[in-house]
Amino acid sequence: MTSRPDQPTHYTPQPYDPYAEDESAATWFNSDGQPPHQQGHPYDEQFQAYEQQQAQYAAAVPQQPQGMHDDQPTYALRTVQYQQVPDDEPEYHIPETPEAGWDMAASRRRAWVSRAVLLCVLAIQAALSLRLSNTAFQDEALYIAAGHAELARLLDGTPLPIDYAAYFSGSPQLYPVLVALVDGQFGLTGARCLSLLFMLGTTGLLYSFTRRLFNERAALAAAALFAVLQSTVVMGYFATYDAMAVFLLALATWIVVRTDRASVAAVLPAAPVAVLAVGVKYASALYLPAIVGLALLTAWPHKGAKSFLRMVLLGLGIGGLLLAGMYATDLLAGVRQTTTDRDHGSDSARFLLQRSVEWGGLMFLTAVGGAVSYVRRSRMNESPVALRLGSPGWRWRALLGLLLCGTAVLAPAYQIHLATVVSLFKHVGFGLLFAAPMAGVGVTRLVGAHFRYPQLGIMLWTAVLCLGISQADWRFGVWPDSSKMIRTIDSHVDAKGHYLASTPEVPVYYLRDRTTHRQWQGVFGMEYTDEKGKYRTGDDAYRAALREGEFDLIVLDGLTNPRADDVIAAAVKGNPHYRLLGEVPFRNSSGTGTYRIWIKTS
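Take 1 as the starting number for the sequence shown in full-length UniProt numbering and just add one per residue.
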């Protein structure tokens, strides 16, 4: 088929060939980028309009330098030339990245957070002590009554009913006088709250010197463990001189640790404090070597060989004051009777060791673990910067751990030597005061860096807490509630009678407005001269005195000395001088019991 000549030929696009030599060839774009002009085609007008539009656009857009293919222009957006910043304009500098994301130095925020946590620990300690309740224990009654007698002698010249200094295990002119002043204003509750203040102060001092030795975390862990021990909880609401003595020991330790970087003579204020602790309770002398040893170890990293002079100076100060106090007062007989020449008991070593483990074994084990861990690795801060800090050598760390943990076993070892469990639960707490810093290190190592295993620390503290609560409840219920007994005998005593009781200290305290200690006889030994002039002692003395109607009132509880109670009850049975006034039931930690009360009939 042939095309008709009267019809126009349509333009058919062909592939673009930039190297084509024939300029008349039909192409989509020519070498100059312009569309071809073909006469007689109906699209000429459209292409002319397109040419005008492209020409306007090309005039507005700058041309880029042509490359090797200069047959085709390249269109680009308008660019802005880079402007140089003047030298006097401020520049932004990227800060250097620190090695650690926190500062090792002490900060106000860290200090206040630690104090807030310590305040919570003290609140828990106070709550555990204040929840205890019972009437006065015989030791509480004895010390408070003795304090009132000492006050009467000092103020009015009233003679003492008995020589308290001859058998007290602490000076009757120190704690008894102080607690008597408080008791006169606030009663037994006030006297017990005085002990609570001493124990709260002890925990605060423990936190302070542990923080000085290690860091805040170890200090808080040590305080938290010590605050919930049976000995801490009970002594915190027990009106005896133990709380004051342990506070003074903690204060002396704090002075020694706090002055580790000061001059050698700055340690001397610890000497009178330590000696005062011994005056309050003679058994505190057992812990003086630990304080003197700390004077050496705490200063060694800062002073080197000069630390020996510091230790010697403190030792001489303590020794001189102790000798002066012993020979300038009449307390030496009491020291011998209650401490150095104390009679041995009959409790077995196995029994005493078992009790020591029950009352402080878990915390002691934590302290030993902390000491071993501290010897192996001295680093106490998690910051990488701490790796470059100088730290004491492993020998120094081993000596510190041995001193602190070894002090905790002194009281159990001494009481095993004496074969007596009396006051062991309190003395265990004395030793654990020194082991507590290492126990704090043990908790921090157990929890791990960045609190990796906090559940382990919580489990340990909860276990110590549960043991402390149960043991404190049991301990505070060992003696019977004497309120009903006191009401029963109140109208049967006066300032002229002679009375016999299992625990005479309790009625002496509660009825001190009408009786004195001189009028009461206990059940732990007696001396008596009968009507025929025969001198008797022990059980024979009780039998002879009851046979002759010596006592106007007899009160037995069956607990304090059951053997002597049986001897007295047998002597009263069928005795025409006495009749049974009544039996007052009571409940204690061991079960139930009965006060048996007899009065003289003729």
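Calculated from the structure, these hints are not laboratory results. A couple of the hints might just be wrong.
With a straight-line cut-off of 25 Å between C-alpha atoms, the simulated DSS-like cross-links for lysine-lysine are [unchecked claim]: (1) 600 to 496; (2) 484 to 573; (3) 496 to 532; (4) 496 to 484; (5) 600 to 484; (6) 534 to 484; (7) 573 to 600; (8) 532 to 484; (9) 534 to 573; (10) 532 to 600.
Here is what the structure says about each hint:
no.: 1; hint: 600 to 496; in the structure: holds (14 Å)
no.: 2; hint: 484 to 573; in the structure: holds (24 Å)
no.: 3; hint: 496 to 532; in the structure: holds (23 Å)
no.: 4; hint: 496 to 484; in the structure: holds (23 Å)
no.: 5; hint: 600 to 484; in the structure: holds (20 Å)
no.: 6; hint: 534 to 484; in the structure: violated (38 Å)
no.: 7; hint: 573 to 600; in the structure: holds (13 Å)
no.: 8; hint: 532 to 484; in the structure: violated (39 Å)
no.: 9; hint: 534 to 573; in the structure: holds (23 Å)
no.: 10; hint: 532 to 600; in the structure: holds (22 Å)
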